[in-house]
Amino acid sequence: MIDRLRETFRLWCAPRRLRAEGSTPDYRFSLANERTFLAWIRTALALVAGGIAVDQFLTGLSWGMRTTIAVAVLASAAMCAFRAVNHWLGCERAMRRGEDLPVSRFPVLLATATALAALLVLAAVALGAGR
Amino acid sequence: MSTAGEGAGGTGRGGVQGTRTGDPGAQPERTRFAWRRTTLTFAVAVALGVRAALYGGDGTSAPEAAAASAGVLAWVCFLVLAHRRITAMREDRPAGMDPVAVWAAALCTLAMATAGVILLW
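One line per chain: the protein sequences are S and X, in this order. Position one of the first sequence corresponds to residue 218 (the numbering used here), numbered consecutively onward. Position one of the second sequence corresponds to residue -3 (the numbering used here), numbered consecutively onward.
Everything labelled a hint here was simulated from the structure, so no lab data went into it. Model, not experiment: these values are computed from the prediction. Treat the hints loosely; a few may be bogus.
Examples of chain S residues lying across from chain X (beta carbon under 10 angstroms, computed) [to be verified]:
hint	residue
1	E224
2	L228
3	P232
4	A256
5	W257
6	L264
7	P324
8	V325
9	L326
10	L327
11	A334
Computed footprint of chain X on chain S; a stretch qualifies when at least three of its residues, placed anywhere within it, have a C-beta under 8 angstroms from a C-beta of chain X [unchecked claim]:
hint	segment
12	242 to 255
13	269 to 276
14	335 to 345
Interface residues of chain X toward chain S, partial, derived using beta-carbon atoms under 10 angstroms [to be verified]:
hint	residue
15	Y51
16	G55
17	L69
18	V76
19	R80
20	R86
21	W99
22	G112
23	V113
24	W117
For every residue, glycine included, the Cβ atom is placed at its ideal position computed from N, Cα and C.
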């Protein structure tokens, strides 16, 4: 576990070391991995836009309520951007070594958080709470 | 990840060299469009940020102006990265992305998220 963490950390600091591992995978797999990375980046950017929009357009809510929701959404955007790089590195390394692709709980976490945030905003707007 | 085309092209690994038709999945095209979509999404986020700086709260303060400019700058950096990658997609079998470029793209996104936090005040 510690070894694996240390290895991942080294890869984060010097990502070009990746090229020393295993063999170059089929270019189509690398491009698919690149598109997955871009999809995560888009998710992050959509969350950034959402965070700014909450502050701009939910003017019926109190300042504290609005800012809390916006900061939470923007923080999850930053997490998505990190996760995008992490997942790209993990997949690229697994493909180079011929291992299984990494799986994680992050998508479930993000989906749950998004659903909760949507319900919270819906409740705040419908009930007029936090004015 | 499709392995179709392995047999179809006859030469394995993406079909006949020098022809785009050798790639049944049109992978470089799809990747090119993915970069375009992402740049467009970034532009939307930047536009919202600039709007927040101009019309949000009470006038445009110095930190707000700086955050909005940083957002625009991050978008320009991302645009350059995307353009370089799109140029690389002209090749028949584009090389994988440089890990440093991956980091740079993510950092642009992080910069935009940080600018968004500053724009809330």
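Here's how the hints hold up against the structure:
no.: 1; hint: E224; result: 15 angstroms, violated
no.: 2; hint: L228; result: 9 angstroms, holds
no.: 3; hint: P232; result: 3 angstroms, holds
no.: 4; hint: A256; result: 7 angstroms, holds
no.: 5; hint: W257; result: 9 angstroms, holds
no.: 6; hint: L264; result: 8 angstroms, holds
no.: 7; hint: P324; result: 18 angstroms, violated
no.: 8; hint: V325; result: 22 angstroms, violated
no.: 9; hint: L326; result: 18 angstroms, violated
no.: 10; hint: L327; result: 15 angstroms, violated
no.: 11; hint: A334; result: 15 angstroms, violated
no.: 12; hint: 242 to 255; result: holds (count 13)
no.: 13; hint: 269 to 276; result: holds (count 4)
no.: 14; hint: 335 to 345; result: violated (count 0)
no.: 15; hint: Y51; result: 8 angstroms, holds
no.: 16; hint: G55; result: 15 angstroms, violated
no.: 17; hint: L69; result: 15 angstroms, violated
no.: 18; hint: V76; result: 15 angstroms, violated
no.: 19; hint: R80; result: 13 angstroms, violated
no.: 20; hint: R86; result: 13 angstroms, violated
no.: 21; hint: W99; result: 6 angstroms, holds
no.: 22; hint: G112; result: 5 angstroms, holds
no.: 23; hint: V113; result: 5 angstroms, holds
no.: 24; hint: W117; result: 8 angstroms, holds
Checked against the numbered hints given earlier, this structure breaks hints 1, 7, 8, 9, 10, 11, 14, 16, 17, 18, 19 and 20; the rest are met.
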